[in-house]
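Participant: Heads up: the sequence shown begins at 2 in the numbering used here, then just goes up one per residue.
Since the hints were made in silico from the structure, they are not lab data.
A hint or two may mislead.
What the hints assert, rightly or not - With a straight-line Cα cutoff of 27 Å, these simulated BS3-like cross-link-like pairs (lysine-lysine) come out:
(1) Lys117 x Lys148
(2) Lys46 x Lys136
(3) Lys148 x Lys111
(4) Lys170 x Lys43
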Amino acid sequence: MEINHLKKFYQFIRIGRILKIEYTYFALLLLFISSPSFAQRKGGKAIYSITIQSDSILKKTLRPQIRDRYERAEKEIANLFLELVFDDTLSVFKNYQNKNISDVTEFALKLADCEKIIYTNLNNNEIIFNNAEKKAIFKKNEFLIQKKIENNWTFVNESKYIQNFKCYKATQQISIVNDEGTFFKTITAWYCPEIPFTFGPKGYCDLPGLIVELQDRNIVFGLKEISFFDKSIKIELPTKGVKVEYNEYLQILKERVMKRMELTEK
Numbered sequence: 002m003e004i005n006h007l008k009k010f011y012q013f014i015r016i017g018r019i020l021k022i023e024y025t026y027f028a029l030l031l032l033f034i035s036s037p038s039f040a041q042r043k044g045g046k047a048i049y050s051i052t053i054q055s056d057s058i059l060k061k062t063l064r065p066q067i068r069d070r071y072e073r074a075e076k077e078i079a080n081l082f083l084e085l086v087f088d089d090t091l092s093v094f095k096n097y098q099n100k101n102i103s104d105v106t107e108f109a110l111k112l113a114d115c116e117k118i119i120y121t122n123l124n125n126n127e128i129i130f131n132n133a134e135k136k137a138i139f140k141k142n143e144f145l146i147q148k149k150i151e152n153n154w155t156f157v158n159e160s161k162y163i164q165n166f167k168c169y170k171a172t173q174q175i176s177i178v179n180d181e182g183t184f185f186k187t188i189t190a191w192y193c194p195e196i197p198f199t200f201g202p203k204g205y206c207d208l209p210g211l212i213v214e215l216q217d218r219n220i221v222f223g224l225k226e227i228s229f230f231d232k233s234i235k236i237e238l239p240t241k242g243v244k245v246e247y248n249e250y251l252q253i254l255k256e257r258v259m260k261r262m263e264l265t266e267k
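Construct the complete structure from the given sequences, taking the supplied hints into account.
Facilitator: Have a look at this one:
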C-alpha cells in the first residue's frame, strides 16, 4: 500500500467519523477492505519493549545520587514490557509486569511515562487515565482525566520492515505548556496497514494501521509479539475518580505544587 493510498485510507476513517457512521460497522468495513485476512478478527493483544536512547548531556546535569538511579533505571527498562489490548473502538495500555515491582522498576516506568494505565476510546475521541500518586499532592486515582485525541499526524514518504511487517512513518507535534513557556516535542510512529487496528502505545492512535514502533523523545516502544482474538472481548473503562478535562487537571496540579512549595518554605 503506497503512501497516497494510505492518506486516502486515513481520510476515509475521518469521513466516517464526521458522518457519524456507526463506528463498529464502519471499522469492520475498513478491515474487510484493507485486509480480508483480518475480517474475522475481533481485536488483539500487542506486547511492546521499551528502550532509552542514552542522553549523556542530561546525565551530566544530574546529581550523583540521581544519576546513579537514572542509570540503573536505564538498565531495568530492558526487562520491562507493556501490553496493549484492543478491539475496534477501545484499547488499554498498561504495564505487563507483576503488581509488586521494585523501586528501580517503578522509577523506570516513570522515566518512560508509563506508570499509569491509559485507555483510548475512539467512540468519544478521547484518552482516559487516572492520575498517579504524588505524595502530598495527589492521592492515587483521585482524578479521572479525559483528554481529546490529537489528530494532527503528518504522513512521511518513508517505510521500513519491523518484525517482518512493512511499516510507514508518521510524525506529530505535541505542545507542552509549563511555567517557562510553550514547547513542542515530536512523536514518531511507524504503523502497519497489514494490521488494520488504529491503536498504539501511550494512547497514540488514529493511523491506518497498528503502531508497531513509537518514539517519544528518547524513549522507544517496539512491538515484540502480537496475537489476535476471534471472539469479542470486553474492555471496561475506568470509573474511579473525579472526572476532569486534561487542561483542568494541569491547572489543579500547578496550584497544588505551588501550595506545597509555599508550605515547605514556611
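Participant: Is the Cα-Cα distance between Lys148 and Lys111 27 Å or less?
Facilitator: holds (20 Å)
Participant: Hinted pair, alpha-carbon criterion (27 Å max): Lys117, Lys148. Please report holds or violated.
Facilitator: holds (14 Å)
Participant: Does the alpha-carbon distance linking Lys46 and Lys136 stay inside the 27 Å limit?
Facilitator: violated (33 Å)
Participant: Hey, Lys170 versus Lys43, does the alpha-carbon distance stay inside 27 Å?
Facilitator: holds (26 Å)
Comparing the model with each earlier hint shows a violation of hint 2 alone; every other hint is respected.
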